[in-house]
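Enquirer: Given next are the chains, with one letter for each unit.
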Amino acid sequence: KAGVTQTPRYLIKTRGQQVTLSCSPISGHRSVSWYQQTPGQGLQFLFEYFSETQRNKGNFPGRFSGRQFSNSRSEMNVSTLELGDSALYLCASSFTGSAMAEAFFGQGTRLTVV
Amino acid sequence: SQKIEQNSEALNIQEGKTATLTCNYTNYSPAYLQWYRQDPGRGPVFLLLIRENEKEKRKERLKVTFDTTLKQSLFHITASQPADSATYLCALDPLKAGFQKLVFGTGTRLLVSP
Chain A
1 KAGVTQTPRY
11 LIKTRGQQVT
21 LSCSPISGHR
31 SVSWYQQTPG
41 QGLQFLFEYF
51 SETQRNKGNF
61 PGRFSGRQFS
71 NSRSEMNVST
81 LELGDSALYL
91 CASSFTGSAM
101 AEAFFGQGTR
111 LTVV
Chain B
115 SQKIEQNSEA
125 LNIQEGKTAT
135 LTCNYTNYSP
145 AYLQWYRQDP
155 GRGPVFLLLI
165 RENEKEKRKE
175 RLKVTFDTTL
185 KQSLFHITAS
195 QPADSATYLC
205 ALDPLKAGFQ
215 KLVFGTGTRL
225 LVSP
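Note that the protein sequences, when read in sequence, are chains A and B. Position 82 of the first sequence, counting from 1, maps to 82 under the numbering used here, and the rest follow consecutively. Throughout, the numbering used here is defined as the position within the second sequence, counted from one, plus 114.
For reference, chain A alone in the conformation it holds in the complex:
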C-alpha cells in the first residue's frame, strides 16, 4: 500500500511569508501528527488530528496551525515565517492515533526560510 505522502519535498521562503504543507496519510488511517525536526532540538511534536479534530497540541506559537479534511488529508500552515522555522517537517499517520499504535512517517518537507 502507498505510504505517507508529503508535498512539497523542498521549499524556500522569505521571512514574513506564510507556507502551507500537505500530508496524505496511508489509506484508512484517521490520525495525522505533525513534527518539526531540527539539528538542535530533534523531533518536536506540533499537533495531532483525528477525524478532523485537533486532539493534542505541542508547545509551538499560534503561527503554527493545521487542519484535517474529511478524507484524512492534513495541512499545516506557518504564518509570518521566521529564520528559526527552517526545519524538516514530518507528518506521521496511524490507524487510531493511540499511543501504542505504530506511526508511519512521510519523507518530510524541508523548509528553508531566508
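The hints are simulated quantities; they were obtained by calculation from the structure and are not laboratory data. There could be a bad hint or two in this list.
Simulated pairs of lysine-lysine, DSS-like, Cα-Cα distance not exceeding 27 Å [to be verified]:
#1 B:117 - A:57
#2 A:57 - B:185
#3 B:131 - B:173
#4 B:185 - B:131
#5 B:177 - B:215
#6 B:215 - A:57
#7 B:215 - B:131
#8 B:131 - B:169
#9 B:177 - B:131
Covered stretches of chain B (in silico footprint by chain A; criterion: 3 or more residues with CB under 8 Å from a CB of chain A, positions within the stretch not fixed) [as the list claims (entries may be wrong)]:
#10 154 to 165
#11 197 to 204
Just so you know, even glycine gets a beta-carbon here, dropped at the ideal spot from N, CA and C.
Use these hints to put chain B onto chain A, whose structure you have.
Expert: Chain B only, in chain A's frame:
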C-alpha cells in the same frame, strides 16, 4: 525538567558485533516506549514498541529492554551489519492519555564498519 537523553556521540562498531544504544528519561512515567530508525533525508521508521510492564521485547536481531526503575531503555542490534548504519531514536508517550503525542530523544548515530 522533563527530558530524554540519548548518546549524542556516534557509536562506531565492527560488523558482527552487538550494538547497544541507551535512552534515559527524566520526569516522565511513560506507558510505552518506542524505537525508530532514521536514515538521512528520510522520515523515521518504526522498529519496536515496549510497554511499561514488559521487561524485554525481541524482533529478529533487535532487542529492547525497559527498566522503569532506572528510567532507561536499552536497544540492542546483534550481529550488526553495515546496512544497520543509521540514526536510532527513542520516543515515549508522556501523557498516558492514550493519544499519540510522542516525545523523541535526539537520536544516536550508529556506524557499522565492514
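Enquirer: If a hint holds in the structure, say so; if it doesn't, say that too.
Expert: Hint-by-hint comparison with the structure:
no.	hint	result
1	B:117 - A:57	holds (18 Å)
2	A:57 - B:185	holds (25 Å)
3	B:131 - B:173	holds (17 Å)
4	B:185 - B:131	holds (26 Å)
5	B:177 - B:215	holds (24 Å)
6	B:215 - A:57	holds (8 Å)
7	B:215 - B:131	violated (34 Å)
8	B:131 - B:169	holds (23 Å)
9	B:177 - B:131	holds (14 Å)
10	154 to 165	holds (count 8)
11	197 to 204	violated (count 1)
In this structure, the hints that do not hold are numbers 7 and 11, in rising order.
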